[in-house]
Amino acid sequence: MAEEVKLFGAWGSPFSRRVEIALELKGIPFEYIEENVSDDKFKSPLLLKYNPIHKKVPVLLHNGKPVLESLIILEYVDETWKDNPILPEDPHERTMARFWARFIDEKCMPPVWKALLGTGEEREKALEEVRECLKTLEGVLNGKRFFGGETIGLLDIAANFIAFWLRVIQEVSGLEFLTADKCPVLIKWCDEFVSCNPVKEHLPPRDKLIAFMKNWLSGDGWTD
Amino acid sequence: MAVVKLFGAWTSPYFYRVIWALKLKGIPYECIEEDLLNKSPLLLQYNPVHKKIPVLVHDGKPICESTIIPQYIEEIWPQPSLLPSDPYERAMARFWIKFADDKLILLALSPSISKMYRASGEEQEKAVKYILEMLETMEDHGLIGGKKFFGGDKISMVDMAFGAVAHWLGVIEDAAGLKIFEAHKFPRLQSWIQNFKEVPIIKENLTDRDKMFALLKRRREMLLASK
Chain A
1 MAEEVKLFGA WGSPFSRRVE IALELKGIPF EYIEENVSDD KFKSPLLLKY
51 NPIHKKVPVL LHNGKPVLES LIILEYVDET WKDNPILPED PHERTMARFW
101 ARFIDEKCMP PVWKALLGTG EEREKALEEV RECLKTLEGV LNGKRFFGGE
151 TIGLLDIAAN FIAFWLRVIQ EVSGLEFLTA DKCPVLIKWC DEFVSCNPVK
201 EHLPPRDKLI AFMKNWLSGD GWTD
Chain B
1 MAVVKLFGAW TSPYFYRVIW ALKLKGIPYE CIEEDLLNKS PLLLQYNPVH
51 KKIPVLVHDG KPICESTIIP QYIEEIWPQP SLLPSDPYER AMARFWIKFA
101 DDKLILLALS PSISKMYRAS GEEQEKAVKY ILEMLETMED HGLIGGKKFF
151 GGDKISMVDM AFGAVAHWLG VIEDAAGLKI FEAHKFPRLQ SWIQNFKEVP
201 IIKENLTDRD KMFALLKRRR EMLLASK
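Residue numbers (the UniProt record's numbering), protein chains in the order written: chain A, 1 to 224; chain B, 1 to 227.
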């Protein structure tokens, strides 16, 4: 049976780009459907049908069946298409990859938004929180080229936000989340990650993202 | 010497997620009870990032997070299985486990978290609304098709992830003087709760209801008095 793989995503979303990277890495052809996620009213009926609970991208549709949540999709892709595995073989290492991927989503990202949108002491506190998280990840990287070793793995893909979006946010806001003096290995990793093959075609256009963020921060609203 | 150690606290549904996984698979373990208001240096050493229970230590290596630990247990001791073997079914199970984890934070009994039995007025109303939405989603999306458990006929990690709804929610309701879960409004969920609590390992491993009620009542009175 011919495989039918579709991905509902959004150009600016680190989450849907994660799935693109995994599919690219494994050489899986897919049909991409761009969603306007600025408001529920712009989302396609199909997206709302396949993800009625959260109404979000990404949604992977494999032979008509929807898989939801970017990290869950990454594991599904890894289990379904065995070439170029993104999770380690060893169960303990696999568990640690899952742990740190969740750490990125649940501990690193929220304070970035808090710092961006907050002011004064709240902003300072959030900024410090992000810096602590990044320092922790610097330790996890432990001098390796990638979190996955010699090639990118699930944790590298999950950290796409740090490699690209965070640095754009830094440029636009002037907030120094990630600095070479505190996280030299992580900075090097960022450059390696964004320029490696499965990733470089699956990042948002930089200027477009900068313009989008500037627009959003200036209070002109969320436009696509 | 025990190969598996588990750090936990008797009030925590997150702790029980791991206990159930270990017991269902017949894995012997040593339990270390933590005082959540005075955490041990060993716990902080094993979980420096989150400083929370539960923490599983297997052959000296710590694993943290109550939804990640059972997946690790599943990989090391695959039988009896607590996750589907089909990748798609497994992805669906993980989706519900994540949903449970994200939504059930309001039922956590950690003093800094639960708004249910601690708060009153508007804050409590908001918490109640949030819980109701979660229950509706479970009823309308998770348990369709008259399934016995979330994964079908057998108990799985998804059911264990929702354990707080089956046992802890009731105690919190009583301590806070609330009625959120009405059985006639959630027939599938009511069935599921009964099925879940009838599984022998679950039945024998639930936190002492009376003890927990007394604790919550005391805490709530203290908090309301101090406002």
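These are computed hints drawn from the structure, not numbers from a lab.
Backbone N, C-alpha and C define an ideal beta-carbon position, used for all residues, glycine too.
Careful: at least some of the hints might be erroneous.
[As the list claims (entries may be wrong)] Straight-line alpha carbon distances no greater than 25 Å define the calculated PhoX-like cross-link-like pairs of lysine-lysine that follow:
{"#": "1", "chain 1": "B", "residue 1": "LYS61", "chain 2": "A", "residue 2": "LYS56"}
{"#": "2", "chain 1": "B", "residue 1": "LYS98", "chain 2": "A", "residue 2": "LYS144"}
{"#": "3", "chain 1": "A", "residue 1": "LYS182", "chain 2": "B", "residue 2": "LYS98"}
[Claimed, not checked] Pair by pair, the computed Cβ-Cβ distance ranges are:
{"#": "4", "chain 1": "A", "residue 1": "ASP83", "chain 2": "B", "residue 2": "ILE105", "range": "29 to 39 Å"}
{"#": "5", "chain 1": "B", "residue 1": "VAL3", "chain 2": "A", "residue 2": "GLU93", "range": "11 to 21 Å"}
{"#": "6", "chain 1": "B", "residue 1": "ILE105", "chain 2": "A", "residue 2": "GLU192", "range": "34 to 44 Å"}
{"#": "7", "chain 1": "A", "residue 1": "GLY120", "chain 2": "B", "residue 2": "GLY146", "range": "51 to 61 Å"}
{"#": "8", "chain 1": "B", "residue 1": "TYR88", "chain 2": "A", "residue 2": "SER218", "range": "39 to 49 Å"}
{"#": "9", "chain 1": "A", "residue 1": "LYS188", "chain 2": "B", "residue 2": "LEU215", "range": "49 to 59 Å"}
{"#": "10", "chain 1": "B", "residue 1": "PRO41", "chain 2": "A", "residue 2": "GLU132", "range": "45 to 55 Å"}
{"#": "11", "chain 1": "A", "residue 1": "ASN197", "chain 2": "B", "residue 2": "GLN194", "range": "27 to 37 Å"}
{"#": "12", "chain 1": "A", "residue 1": "GLY27", "chain 2": "B", "residue 2": "PHE213", "range": "54 to 64 Å"}
{"#": "13", "chain 1": "B", "residue 1": "LYS203", "chain 2": "A", "residue 2": "LYS82", "range": "34 to 44 Å"}
{"#": "14", "chain 1": "B", "residue 1": "GLY26", "chain 2": "A", "residue 2": "GLU132", "range": "16 to 26 Å"}
In ascending order, which of the hints set out earlier in this document are inconsistent with the structure? 1, 2, 3, 10, 11 and 14
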